[in-house]
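Trainee: Now for the letters of each chain:
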Amino acid sequence: MGQGVYYLKIFWAFARQVFHGNAIYRFEFWMRLFWVYLLMYSVYWVWKTLYTQTPGAFGISLEQMVTYALLGMMLDIVLDVGPEWYIATQVRTGAIDTDLMKPLDFHFHMLARSAGEMLFGLGILALPACAIGYFLFDLQPPGDAITSLLFAASVILSFFVFFHIGFLLGALTVITLDIRSIAWAYYALISFFSGQMIPLWLFPDFLRKISEALPFQAIYYIPISIYIKKLSGADALQKLGLQAFWVVVLTCISRWAWSRVHARLTVQGG
Amino acid sequence: MNGLTLYFRLIRLAVQARMQYRADFLTGIIGVIVMNTVTVSLISIMVSRFRNLNGWTMWEMVFLYCLWLLGHSLYSFFFWHISALEDYLVEGTFDQFLMRPVSPFVMFLGREVHYMGVADLTFAALGLSLAYRNLHLQWNGIHWLFFGLAVIAGTLIETTLVLMFACISFWTGRSRRASRLLIRLNMMVQYYPVDIFGYVFRIIVTGFIPVAFMNYYPALMLLGKLDPQSPGGWLGYISPLVALTLVIFSAVVWRLALRRYSSSGG
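Just so you know, the protein sequences line up as chains L and G, in that order. Position 165 of the first sequence, counting from 1, maps to 165 under this note's numbering, and the rest follow consecutively. Position 249 of the second sequence, counting from 1, maps to 1249 under this note's numbering, and the rest follow consecutively.
Certain hints may be false.
[Claimed, not checked] Straight-line C-alpha distance at most 20 Å; calculated SDA-like pairs for lysine to any residue:
#, chain 1, residue 1, chain 2, residue 2
1, L, K48, G, N1052
2, L, K209, G, V1040
3, L, K48, G, R1202
4, L, K209, G, N1052
5, L, K230, L, E63
6, L, K48, G, L1145
7, L, K48, G, T1037
8, G, K1225, G, L1145
[What the hints assert, rightly or not] Examples of chain L residues lying across from chain G (beta carbon under 7 Å, computed):
#, residue
9, W35
10, Y41
11, W45
12, T49
13, T54
14, Q90
15, D144
16, T147
17, I182
18, W184
19, A185
20, L189
[Stated by the list, open to error] Listing some non-contacts, in silico: residues in chain G with all C-beta distances to chain L over 10 Å:
#, residue
21, F1008
22, S1041
23, W1059
24, V1102
25, I1168
26, M1187
27, M1188
28, Y1192
Worth flagging that the hints you see were computed from the coordinates, not collected in a lab. Just so it is clear, CB atoms sit at the ideal spot from N, CA and C, and this is done for glycine as well.
Bound-form chain G, shown alone (with noise of 0.2 Å):
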């Protein structure tokens, strides 16, 4: 059976599983609801006082939140519990992955599913097809097909960066706190369109931990707010690029840790 199959056949399993946890799947919906009206009325608040946000408009800063929120919601349906990963070392769940004849990974992957994501998937469909009417885009072929690009491109990113950040507990045996101060970075990302922020900022979203390629870049594309002649006018563009390295680098440090395993005991 090769990875794929047995991932899906694992999702199905986990969906079962899921099923039986009532009270989680309500306060997971809530906490969808509050965490998106929460992030709206912030950035209403921000763009009435303050007309917009660094040019960015209220319904342009719909649109940036939604792009993100989009590809947020896959991570949040398959991919949540990565961050999770330190419970599992610390339990020694993990273990039982390694047992099995097969990928560990993928073991790890088809683990649990999350319904969040859908709360957040409807969400996000709402606000970016009422961002697209009040801003009278007329999007063609490429427009479309990029946007496709970019919300997969995003769900890799988060995915890929939430799994390296969670991997830091192989070495130091904890990573929640990393994965916390990665959720707060989002968040910051999210609330306030990046071309705010000062240059060390920019740089360390755009390069080192690039969550501005979630939505920020693609962003710029797909609302026509490219300047053809400033120089970083080439990274709206590269958000898959962007995604595809992230996977390839994250498999490494994956392999690495991996290599670095050995068993709390638990």
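Bound-form chain L, shown alone (with noise of 0.2 Å):
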């Protein structure tokens, strides 16, 4: 009990650290309020024209389609919350060493500096970008209770699974030594297999096969698709195992694949 309490108010000092940080950058956050007011203005217009020109081609409302595309991009600014520039940096700076030297768990460091990532994106950013969704598009307010509920378990459960899809890419860079040559890409996989940019039942069959094997669609399509009650009741539950399932396995991934990192420094730096 005591060692839990300890660990948490690690985990928060971290989390606050992070929070702080972000807060001084006024510039920043009214560079983020635009362009998230930008994404959604411009993926409300995209899904609108093409409704207009095939009304029958999407399975649900335009209502649902107009929600489904502007939570994929305020979803964006709460979950996006980079482990991966930052041991990027870390890596390239050297200043890696003092991290690890710190006793405490890496994984369990960088997961409290996401979370305090996230809390800024939720605490700050969420509120007037929704306020901007329901005043300026037709954003939909969650159904109900039950809806609302099972969308926020999802939420959580995809910040971990992002968070550690973005670790892993971390740990891939004390390899590469670069993160900046694949972060295009990264973020391109990314858009495309998690259903922001399309909603994988709008993709071909064996695309959306694949897409469905992968941990990505577990970030934006299963907690977009049960707010918009395209996944509800029994179906909603079984996607929240499928999510909590992949944060098991990406959890013990990334904690296999820096332990090998790890050694594979310690080598380097002789």
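From the two separate chains plus the hints, produce the assembled complex.
Mentor: Structure follows, in structure tokens:
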């Protein structure tokens, strides 16, 4: 018990530090808000135009489709916590030494930092983004209490999935020493297979099967589909289970990968 | 030694330095293949679902994307590291440039090259020639000349925009987030033709962050989609001018930024 409280305190200390670190960048706050507006505006028009052009091709109503697309952009600012960038910078400058010397599990440390990033996104950016979505575009409020609850649970799980995928990329930079060369591909891959740009049910069969076998769908597709009630009841619960499954699998892979990479780092450092 | 000679000498050094990082080379190439495959898949899913995107057919979309990619390939070969300016500043690498008796800008530009540009170039050339054949295009000399100019303009537009976004870090200490947002905006414009969006977005990508001039407007001209009656028709021809304006503009921003610079002491 005492041990648990101890870890919680450390976790909170790191998360809070990152939160404050973000809060001092005023300019960045306004820029991110403007950006989410711009992205929401763009996807809103894409689907509106396509819906007018081919109304039958969606399988859901225009309101649902627009809400899906808007949420994809909004969740982006909450979930995009980027542990990979922190790790990459630390590796390149050599400052990773000081992180590793801390009497603290590195994976846990990164999780705490990313949680701080997410709390900033949730606490400071999410509300104005919701307001923009609701008042300027046709963002539908969540239907009922159960849907909201399932959605919230699903978003928390998707944070863990996204964090671990980022963490694995970060571990990879220990070997490649550069993250920028893969950043574009990484974002493209995520936004495609997670269903952020196009919902998975619009994919051709074979691509949908591939996407469903990959962890990325747990990031955007599942929480948003729950929100617009494309997934509900037993289906929704089953998908939540799938997200939890990926969290466990990715946690194990991350910890294993980091232990390998850590060994390599020690060798390099002589 | 003038700036240009120095630049090419630095580039040669950078190429040699790059050779050392095998793993990075490999991930870079894989990354390019992944990114382009994803984009083309996205486009083809959308087009096959909706038959056309606001009047743009499959091969027109391929043309649109690969026109952007061609300009982007030059950018990603020579200027990719501009977005890393923030790291240069924080780590103190930038101070080295300032201590040399030559332009810090040339030192900065010549610092790195990236091989992904080569993969991008291959992909773009392939896509464009396939699109050219499938769209049964018959270009004359003026078209080809404009095509060349448009590609160079595309490179310059992307480079100067990235540079100006990166310069934010001179003021705020970090620009990574801004650069990432620029990537996202750029991707959005590559997935869809600009005319699918509403007015606010079109005005922004035309007048404020003019990424639409990298491919959308020149593609209108090159694909013969320009409507001579429409009031905005001239936009199809002015990419080179937009690029020139941006070059001047970013030079001013760079000057201001340097004046503002104080080392992090790192």
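Trainee: Now tell me if each hint is right for this structure.
Mentor: Each hint, compared with the structure:
no.	hint	result
1	L/K48 / G/N1052	holds, 14 Å
2	L/K209 / G/V1040	holds, 18 Å
3	L/K48 / G/R1202	holds, 15 Å
4	L/K209 / G/N1052	violated, 25 Å
5	L/K230 / L/E63	holds, 12 Å
6	L/K48 / G/L1145	violated, 37 Å
7	L/K48 / G/T1037	violated, 26 Å
8	G/K1225 / G/L1145	holds, 18 Å
9	W35	holds, 5 Å
10	Y41	holds, 5 Å
11	W45	holds, 4 Å
12	T49	holds, 5 Å
13	T54	holds, 5 Å
14	Q90	violated, 11 Å
15	D144	violated, 31 Å
16	T147	violated, 27 Å
17	I182	holds, 4 Å
18	W184	holds, 5 Å
19	A185	holds, 3 Å
20	L189	holds, 6 Å
21	F1008	holds, 23 Å
22	S1041	violated, 7 Å
23	W1059	holds, 19 Å
24	V1102	holds, 25 Å
25	I1168	violated, 8 Å
26	M1187	violated, 7 Å
27	M1188	violated, 5 Å
28	Y1192	violated, 6 Å
Comparing the model with each numbered hint stated earlier shows that hints 4, 6, 7, 14, 15, 16, 22, 25, 26, 27 and 28 do not hold.
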